[in-house]
Amino acid sequence: MFIMSNMEKEDRILDELLSNMPKFTDHRPKEEVLMRVQTELEGHKIEDKRNKVSGSVSRWMPLVVSVASVILLTFLVSSYINEETTMKEESKADRSSKEESMRSMDVTEESVEEDKSIETNDSKSKEQEQTNEMTTMASIVESPVELLPLNSSATAVYGDSLNGGTVFHFSLVENAYSLPVTIIIPKEQIAIDFPDIKPNSLQLYERYAEMIDEEALGFNDYHPYKGYFVAEDNVLKHYLPEGHGYDTASGTSIPYWTSINEIFSDFDWLVRLNEDGTPSVWDQFGPLDEPTPLTGVNGRYYHKYVALNGGTYLTSNVNAVTTISEAFEQMKKRESDLYIPVIPNEVTYSYRDDNGTAVIQFDEPLDLTTLDRKDATLMIEAFALTAASFETEVKLENIVQQQWEEFDLTKTLPKPLGPNGFILQTKQ
Amino acid sequence: MNDSVFHRLYDSYHQDVFQFLIYLVKNRQTAEDLVQEVYVRVLRAYSKFEGKSSEKTWLFSIAKNVAIDHFRKHAVRKKRLFDSFDWENMQLASTDMLPEDLVQLNDEMKTLLIALDECTGDQKMVIIMRYFQELSIAETAQILNWTEGKVKTTQHRAVKALRQRLSVKEKEGNVHHE
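Taken in sequence, the protein lines are chains E and G.
For the first sequence, counting from 1, position 91 maps to 90 in numbering that gives the first Met the number 0; every step adds exactly one.
For the second sequence, counting from 1, position 129 maps to 128 in numbering that gives the first Met the number 0; every step adds exactly one.
Read the hints as simulated data drawn from the structure, not as lab findings.
A virtual CB, placed ideally from N, CA and C, is assigned to each residue, including glycine.
One should not assume that every hint holds.
Stated by the list, open to error - Distance ranges between label pairs, derived from CB positions: (1) E:Phe284 to G:Val167: 46 to 56 angstroms; (2) E:Arg372 to G:Ser3: 53 to 63 angstroms; (3) E:Asp265 to G:Gln103: 34 to 44 angstroms; (4) G:Arg43 to E:Asp159: 36 to 46 angstroms.
Model the full structure from these sequences, guided by the hints.
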């Protein structure tokens, strides 16, 4: 008779146990995984490009840093002498300035720091670290793209100025305020980045937002948003990480909400979720169980905005109005120090609808040469942009000049595609 | 990115790869992050895939590398063991499973996973591949870049080690009950 040994019995039990372990499945929708993978890949692409661009810079960077250190050192030492300090103190300053210049080479990236502390005894790794440091420094200095001003006196983007390019609506943020900008991506760039598709606003955002050096333009480093987006038809889902901070105060929630509306103009709804897919709970609003409608920039009126960089832009107030008549009326009002009316105080006008075209009739003949040249152009464009936000065109009547810059004032003004135009150009 | 490659790999192997990773790291969130990293590496390297192995074993070998890198990073952070991290001879111990996943396991299974964490990395890897993923000896050998003989030996040792550990835990449990 066969008697099963203890060991055999245990083996059989173990074998059964191992074979009956449960199956764990990933509950996330395939699209969500795809979107996250795409986002990661885009990040890698950008990184690759940056590294490519910075390759040549990084070769020179050690020399540049050395020269900068010497200059800094010279400056500090000479300042010290001027202050008639003792020789002893001077020597201390020399040391501290050296340390200072070394600190200036530090890179804030945590991983680099981490690697640094781990591999202190490994000369090969050190060499790699230095290369990484230089590359990171160079990538901070160098963005692979730049935004160039439009080749015209007009500030907005019109169909005629596209030259086959694609409009990318974007926002620049400063002082808790989001300024809408309209970036033309040249057709050659689109052909490289999106060879087979017509990209939507999310795809454009994910491709270009990270590359734009907002600080170089004088604005805050705001984009890309924290977390990630998933598009489901006309619904945009924003998966937000814990502690995202967009909800901490109106100063953070307003630029978030305004810029989302400005950028993702082809989506109808926004759903804000935690990364685990549960509805996001916002400090000021509580749980966001329902999708929020995205209104784009419809029903807006335009004012002038002077940014901290000194530039003058056209911007729409976040408070929308319901009728175009109301919008044209609001354009004259000064609502805050931030939004300056483009229409001089003494200039009055009336509005009428002429077979679907908005007509602004100035009460007195308006001589544009009496205004600052740029302000006059901004006024014309502000009317056109306000009309466009009501899906219509506008004609200005009773202006002394028939032509102003590229605008033929005898005709209806062209409908702008967006304010504050730029052209994206890849750096060579 | 070639979306069709993603869709094909996802449809064929996603849940298998996810399960492989979640048994290795025992944390759903980490497994989700790692499975994405697998796709990123696969898609970035897809043009270099020569077809010498099957797509399945190639995908699993990348998943294995992603998981080992994850454990290596943790070891580096905790013990600063960058150069000395030898996954085959060290433990690939992970954190506790999330409560929502733990409900799928009975007490024996929970004990088994604890015992598995106490095995060496090569033993844990082989057990997961051979039993949980039902990969053949040849497939496992290809993924780990081992000989089939090494897979068999490691599996034999892993089962033995598990049996001993479970036996010890059972005795400990009995002592506690008494």
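Here is what the structure says about each hint:
A beta carbon spacing of about 54 angstroms between Phe284 of chain E and Val167 of chain G agrees with the range 46 to 56 angstroms that was offered as a hint. Between Arg372 of chain E and Ser3 of chain G the Cβ separation comes to about 54 angstroms, which falls inside the hinted range of 53 to 63 angstroms. Between Asp265 of chain E and Gln103 of chain G, the C-beta spacing of about 42 angstroms keeps the proposed range 34 to 44 angstroms intact. Between Arg43 of chain G and Asp159 of chain E the beta carbons are some 40 angstroms apart, a value that agrees with the proposed interval 36 to 46 angstroms.
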